[in-house]
Amino acid sequence: MTEKAIMDNKIFAHLTDLSFQRDWKQAVGFYFVYLISLMVLNSVVTTFIMAFLHPEILNGASGFAEGMAAGKDIGRRSGMVISFLMSVGLSLGIIWKKKSYSLANYGCLLAAYLLAFFGGIFGLVRVAFL
Numbered sequence: 004m005t006e007k008a009i010m011d012n013k014i015f016a017h018l019t020d021l022s023f024q025r026d027w028k029q030a031v032g033f034y035f036v037y038l039i040s041l042m043v044l045n046s047v048v049t050t051f052i053m054a055f056l057h058p059e060i061l062n063g064a065s066g067f068a069e070g071m072a073a074g075k076d077i078g079r080r081s082g083m084v085i086s087f088l089m090s091v092g093l094s095l096g097i098i099w100k101k102k103s104y105s106l107a108n109y110g111c112l113l114a115a116y117l118l119a120f121f122g123g124i125f126g127l128v129r130v131a132f133l
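Residue numbers 4 to 133, in my numbering, belong to the letters of the sequence shown in order.
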């Protein structure tokens, strides 16, 4: 096998190449990598919001449990926004890079919009198989 053929068979190959046509194993790898990056991005944004934009939440918390509850609420809200933006952005990027402007792909985009409101776990499923 050539080096290119070996690279094309790897599960985490071509993760940043949005025009690449993935098989089901590569789509699963794409899904997990972007899901983990979405989680990391959400934790960074939540930490930034709590530390710099709303420090009164941390200062006004009477204990660990109250601070964690406030952080969980902010994390849930920012997670919905981030997962929505990432799902939609990846969908648009894939459609644009593959130049496949079909009605089915726009249906996938609509599905990504709707599923992203349930979080990144659902919003990225259809994007991975585009």
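The set of hints was computed from the structure by calculation and includes no laboratory data.
There may be inaccurate statements among the hints.
[Said to hold, decoys possible] Simulated restraints on C-beta separations:
{"#": "1", "residue 1": "Asn108", "residue 2": "Asp26", "range": "15 to 21 angstroms"}
{"#": "2", "residue 1": "Arg79", "residue 2": "Tyr109", "range": "27 to 33 angstroms"}
{"#": "3", "residue 1": "Phe15", "residue 2": "Leu113", "range": "35 to 41 angstroms"}
Ideal Cβ positions, reconstructed from N, Cα and C, are used throughout, including at glycine.
Q: Evaluate the given range 35 to 41 angstroms for the C-beta pair formed by Phe15 and Leu113.
A: Check failed, 28 angstroms falls outside 35 to 41 angstroms.
Q. Is the gap between the beta carbons of Arg79 and Tyr109 within 27 to 33 angstroms?
A. Given about 29 angstroms between the Cβ atoms, the range holds.
Q) Does the Cβ pair Asn108, Asp26 satisfy 15 to 21 angstroms? A) 18 angstroms, holds
Of the numbered hints listed earlier, the single one contradicted by the structure is hint 3.
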